[in-house]
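To convert, note that position 103 of the sequence shown is 103 in my numbering; the numbers rise steadily by one, no gaps.
Calculated directly from the structure, the hints in this document are not laboratory data. Treat the hints with caution; some may be incorrect.
[What the hints assert, rightly or not] Calculated cross-link-like contacts (lysine to any residue; reagent style SDA-like; alpha-carbon spacing at most 20 Å):
no.	residue 1	residue 2
1	Lys11	Thr21
2	Lys34	Gly24
3	Lys34	Asp60
4	Lys34	Val19
5	Lys34	Ala77
[Claimed, not checked] Distance windows between CB atoms, simulated:
no.	residue 1	residue 2	range
6	Pro80	Arg6	27 to 33 Å
7	Ala74	Asp177	20 to 26 Å
8	Pro111	Asp81	33 to 39 Å
9	Ala52	Gly154	44 to 50 Å
Glycine included, each C-beta is placed from N, C-alpha and C at the ideal position.
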Amino acid sequence: MRADARRNYDKILATARVVFTERGTDASLDEIAKRAGVGPGTLYRHFPTREALVDALMQDWTDRVASDADAAIATGAPAPDMLLDWFEHFIEHITLHRGAATKICAAMDDPASPMYRKCRVMGEANRRVIEHLDERGELRPGVDPANVMRLVSGVASVADTSRAEIEVRPMLEVVVDGIVRA
């Protein structure tokens with residue numbers, strides 16, 4: 001990539017990060033281009049769709065989600081504590097930009113989505129945590145990591161799109177109570 005194209009790419013990403021945080025992932029792409037100081041054509045050359053732009057923003061926090069899973073496992077905490085901490089970190093990452101949780105939920109099962117690969121990385125991180133606890137005998141039989149990820153992403157989506165202030169921890173406690181061996 002040419003140096004000027006790389007600068008534009010980086011400016012668009014930095015601006016999108018700010019605008020999506022302020023207004024959500026449905027914010028105007030033209031506004032992002034304008035605030036980044038580039039034309040709409042430049043934005044669309046780098047990111048042909050809104051989903052492609054969100055996907056590019058996901059890279060750094062996809063890496064963090066994977067390392068958070070490793071950190072959760074390394075704590076050796078009992079299942080309820082490990083899961084609640086892991087789920088809260090996961091939700092924190094996918095709700096960083098308002099509206100992102102819903103887009104991530106939609107991309108989880110859509111191989112055609114530009115975000116699908118990153119969803120798989122997040123799913124793999126979740127699988128490692130769930131399988132670690134399952135190997136320790138702390139989960140109910142038959143807990144499917146993919147379904148757990150869908151449940152937690154659903155909680156994130158509700159919290160992300162609600163007009164009311166929603167506490168996610170009580171909802172996550174219900175999920176944890178449903179999968180931890182009694």
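Verification of the hints:
no.: 1; hint: Lys11 x Thr21; verdict: 15 Å, holds
no.: 2; hint: Lys34 x Gly24; verdict: 17 Å, holds
no.: 3; hint: Lys34 x Asp60; verdict: 24 Å, violated
no.: 4; hint: Lys34 x Val19; verdict: 11 Å, holds
no.: 5; hint: Lys34 x Ala77; verdict: 48 Å, violated
no.: 6; hint: Pro80 x Arg6: 27 to 33 Å; verdict: 46 Å, violated
no.: 7; hint: Ala74 x Asp177: 20 to 26 Å; verdict: 24 Å, holds
no.: 8; hint: Pro111 x Asp81: 33 to 39 Å; verdict: 35 Å, holds
no.: 9; hint: Ala52 x Gly154: 44 to 50 Å; verdict: 24 Å, violated
Consistency note: the structure conflicts with the earlier hints numbered 3, 5, 6, 9.
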